[in-house]
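J.: Listed below are the residues making up each chain.
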Amino acid sequence: EPEVTQTPSHQVTQMGQEVILRCVPISNHLYFYWYRQILGQKVEFLVSFYNNEISEKSEIFDDQFSVERPDGSNFTLKIRSTKLEDSAMYFCASLDRGYETQYFGPGTRLLVL
Amino acid sequence: QKEVEQDPGPLSVPEGAIVSLNCTYSNSAFQYFMWYRQYSRKGPELLMYTYSSGNKEDGRFTAQVDKSSKYISLFIRDSQPSDSATYLCAMSQFSGGYQKVTFGTGTKLQVIP
Chain W
1 EPEVTQTPSH
11 QVTQMGQEVI
21 LRCVPISNHL
31 YFYWYRQILG
41 QKVEFLVSFY
51 NNEISEKSEI
61 FDDQFSVERP
71 DGSNFTLKIR
81 STKLEDSAMY
91 FCASLDRGYE
101 TQYFGPGTRL
111 LVL
Chain Z
1 QKEVEQDPGP
11 LSVPEGAIVS
21 LNCTYSNSAF
31 QYFMWYRQYS
41 RKGPELLMYT
51 YSSGNKEDGR
61 FTAQVDKSSK
71 YISLFIRDSQ
81 PSDSATYLCA
91 MSQFSGGYQK
101 VTFGTGTKLQ
111 VIP
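Chains as they are written, first to last, in this note's numbering: chain W, 1 to 113; chain Z, 1 to 113.
Don't take every hint at face value.
Claimed, not checked - In silico DSS-like pairs for lysine-lysine, Cα to Cα no more than 27 Å straight-line:
1. Z:Lys100 x W:Lys42
2. Z:Lys70 x W:Lys78
3. W:Lys42 x Z:Lys56
4. W:Lys57 x W:Lys42
5. Z:Lys56 x W:Lys78
6. Z:Lys56 x W:Lys57
7. W:Lys83 x Z:Lys56
8. Z:Lys100 x Z:Lys70
9. Z:Lys100 x W:Lys78
10. Z:Lys42 x Z:Lys100
Everything labelled a hint here was simulated from the structure, so no lab data went into it. Bear in mind the structure is a predicted one, so any value in this text is a computation, not a measurement.
Could you put together the complete structure from these sequences and hints?
T.: Encoded structure:
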């Protein structure tokens, strides 16, 4: 069964450093998403991406965040200057043309020290 | 009022019990109603989704949607210790041609052998 994959599974970084989280969505999906889940809290929407541009972003997705689809398979989330409060699980999700449901990757656990 | 309300639990039940998990919502624009299961430190795994009011059954799981009351439920029959996880309700709407998903906080379920 096709699945969304994410790398790395864990990332530890120093405050102020840049991190890039990578996702490979399901191959025929067209809509891509990033979510964040701070430990013990709800899953929060960050950004949606379609046709090589951002469709919508939440108030969390400020100027330190960016997304890119550099090739036909990868979808990345970049955090330019990480803060302690960026420590969370980051989930990528993708959706096919049928507008049914999003399928989530296993997540990247980011720890900012 | 939050868009999606879900009792965080925890909910402890003996093995074999019927489990009832519920969410309420306030946004009438929600069109799809999903239940995800999330094991500790893992990504959300789609269990079931429904589009309209009524029941949908899949094995031991039954999802129920009552749009008039803005209330959704997930029933688990013959609960097993392996069902111990956090269950997230999620609801989606379409805005500008793309899907936006809003999650509940999740209910932590423990099934005791």
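J.: All hints, please: hold or fail.
T.: Okay, the hints, checked on the actual structure:
1. Z:Lys100 x W:Lys42: holds (15 Å)
2. Z:Lys70 x W:Lys78: Given that 27 Å is the threshold and the Cα spacing comes to 37 Å, the pair is violated.
3. W:Lys42 x Z:Lys56: Distance ~25 Å between Lys42 (chain W) and Lys56 (chain Z) Cα, so the pair holds.
4. W:Lys57 x W:Lys42: It holds: about 17 Å lies between the C-alpha atoms, which stays within 27 Å.
5. Z:Lys56 x W:Lys78: The given pair, whose Cα atoms are some 39 Å apart, is violated under the 27 Å limit.
6. Z:Lys56 x W:Lys57: violated (32 Å)
7. W:Lys83 x Z:Lys56: violated (43 Å)
8. Z:Lys100 x Z:Lys70: Between Lys100 (chain Z) and Lys70 (chain Z) the Cα gap is close to 18 Å, so the pair holds against 27 Å.
9. Z:Lys100 x W:Lys78: Holds, at about 21 Å.
10. Z:Lys42 x Z:Lys100: holds (21 Å)
Hints 2, 5, 6 and 7, counting from the list given before, are not met by this structure.
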